[in-house]
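Asks: Chains as they are written, first to last, in this note's numbering: chain A, 1427 to 1514; chain B, 669 to 1042.
Since the hints were made in silico from the structure, they are not lab data.
Quick caveat, the model's predicted, so the values are computed rather than measured.
Watch out, some of these pointers could steer you wrong.
[Stated by the list, open to error] With a straight-line cut-off of 20 Å between C-alpha atoms, the simulated SDA-like cross-links for lysine to any residue are: (1) B:Lys772 <-> B:Glu822; (2) B:Lys1037 <-> A:Glu1479; (3) B:Lys957 <-> A:Leu1473; (4) B:Lys713 <-> B:Glu930; (5) B:Lys705 <-> B:Trp907; (6) A:Lys1452 <-> B:Lys814; (7) B:Lys674 <-> B:Thr696; (8) A:Lys1445 <-> B:Pro1005; (9) B:Lys1011 <-> A:Thr1440; (10) A:Lys1445 <-> B:Asp904; (11) B:Lys887 <-> B:Asn846; (12) A:Lys1470 <-> B:Glu1038; (13) B:Lys713 <-> B:Asn701; (14) A:Lys1455 <-> B:Thr991; (15) A:Lys1445 <-> B:Lys875; (16) B:Lys875 <-> B:Arg895; (17) A:Lys1502 <-> A:Gly1442; (18) B:Lys870 <-> B:Thr901; (19) A:Lys1445 <-> B:Thr976; (20) B:Lys1037 <-> A:Phe1478; (21) A:Lys1470 <-> B:Trp907; (22) B:Lys939 <-> B:Gly979; (23) A:Lys1470 <-> B:Glu1040; (24) B:Lys942 <-> B:Trp907; (25) B:Lys742 <-> B:Asp726; (26) B:Lys1037 <-> A:Ser1491; (27) B:Lys814 <-> B:Lys674; (28) B:Lys959 <-> A:Glu1444; (29) B:Lys875 <-> B:Asp904; (30) A:Lys1452 <-> A:Lys1470; (31) B:Lys741 <-> B:Lys765; (32) A:Lys1455 <-> B:Asp990.
[As the list claims (entries may be wrong)] Covered by chain B, per the in silico footprint, the following chain A stretches (three or more residues, Cβ under 8 Å): (33) 1473-1482; (34) 1485-1493.
Built from N, CA and C at the ideal position, the CB exists for glycine as well.
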Amino acid sequence: MSTVEDYVARIEETCGEEKGVIVTFKYIKRDEAIAKIRDKAQLKNSLSGIIFEFAFRGISFRVFSSGKAIFRGINKEALHDILAALLL
Amino acid sequence: MIEAIKDFYENHNANVHRAVHTLSQEATELHENAREKIAQFINAKDSAEIIFTRGTTDAINVVAYSWGLRNLKKGDEVLLSLMEHHSNIVPWELISKINGLAIKYAKVNNDGTLNYEDFESKFSSKTKIACLSHVSNVSGVINDVKRIAKVAHEHGALMLVDGAQSVPHMSVDIRDLNMDFLAFSGHKMLGPTGIGVLYGKKELFEKMEPFQGGGEMIKDVSFSQKREGCDITWNDPPWKFEAGTPDVCGGIALMEAIKYLERIGMTEVLKHEKLLTEYAVKRMQECSKVKLYGPRNLSSKCGIIPFTVEGSSSHDVALFFDTYGIMIRSGFHCAQPLHQVLKLQSSARASFYIYNTREEIDRFIEVLKEIEQD
Chain A
1427 MSTVEDYVAR IEETCGEEKG VIVTFKYIKR DEAIAKIRDK AQLKNSLSGI
1477 IFEFAFRGIS FRVFSSGKAI FRGINKEALH DILAALLL
Chain B
669 MIEAIKDFYE NHNANVHRAV HTLSQEATEL HENAREKIAQ FINAKDSAEI
719 IFTRGTTDAI NVVAYSWGLR NLKKGDEVLL SLMEHHSNIV PWELISKING
769 LAIKYAKVNN DGTLNYEDFE SKFSSKTKIA CLSHVSNVSG VINDVKRIAK
819 VAHEHGALML VDGAQSVPHM SVDIRDLNMD FLAFSGHKML GPTGIGVLYG
869 KKELFEKMEP FQGGGEMIKD VSFSQKREGC DITWNDPPWK FEAGTPDVCG
919 GIALMEAIKY LERIGMTEVL KHEKLLTEYA VKRMQECSKV KLYGPRNLSS
969 KCGIIPFTVE GSSSHDVALF FDTYGIMIRS GFHCAQPLHQ VLKLQSSARA
1019 SFYIYNTREE IDRFIEVLKE IEQD
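So that you can see chain A by itself, here it is in the shape it has in the complex (with noise of 0.2 Å):
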């Protein structure tokens, strides 16, 4: 049974007032996070295929085709239950 330990490589805060926690994926698994993560949550907006910007469950996060995400207004802890969500 997958994880999402499976998926994400590392989870950091990012420093700056305007909070933010970072989200990289595991390079093998970044394609399927992505899109498992759009198929469940709702593009709000797309640049260049590059950023993908999301809402779920009341929370606006954004994707990078780099393979990183950053969520804002959000605690680690709850954070792992959205990924859980959107990956599992």
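Following the hints, put chain B in place on chain A, whose structure we already have.
Replies: For chain B alone, coordinates are given in the frame of chain A:
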């Protein structure tokens, strides 16, 4: 530099100053040659004035704990500026909690330059050390550390310079600038990570006590039957401050990086960076949503450009660039007080070195224009 690392581990790998065997002798000779080369590079009088550290942060901590903790007392003052990297703030704040010294912060002007009048006005007979970045890691502003060192010495204070952003980018002559301590890192000057340098005047190092104990930093440890304890004699500087096995390979690799930079010439390094900065600033001004920070007078800054893009966080900007293989920093850059002064929530930071080109800046601008459309 990479070849030097390979050569060391393939042919000379041994601990230094410990053994009589050939490999240890070779490793020791290379290690001490590296110290000599670093001393020459910054025009130190003596290689005993060069201590190997893990980096700039470690070097400043050596001064804070070896010198500051033992020489500063309640009522004494340490003078810093608000543009310092956290590594030149936190060690002093830490020891202030132990010995009750006071820390004063000199102001920074709205354009990110140092407010010299404020800095100089904060000196008093209580000031024991002034600590200042030679070059700001956020704005690239070059500070006149020689001017501040002169005022510090007039007040009987010492001068510590954070050279993390200057030594890699320009010629730094510590005797001309008359610094008492200078800290810098290998990884910012084509060397490996985990190696850095603390320069200190020999007479200061001779008086200072070590704060880390272990092998190599002692001459003698003898057990006294009478008092049932050990009597210890410290080694001479620089070894007195290098407890345990040093990063032998790191120092040798840093020596090779310095030789490489010397072949180019530090004047040429700075000239190249200034040309790139000038060009990048000019091109970035084409972008209507991009705001640049730092002084307008580019002659007083190095190759660092802090900026924001209207409507995008610095992390979004950095992640966007990342998808194109362009690596820039975002956030506070470990200098949160300066961001408060500049009223910035965070910033993106483009920076250049000898390997960057105008063509790369053109590509950077293309991507920046794409971000503006976000």
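Asks: Check each numbered hint against the structure and report the violated ones by number, ascending.
Replies: 6, 10, 11, 15, 16, 21, 22, 24, 25, 27 and 30
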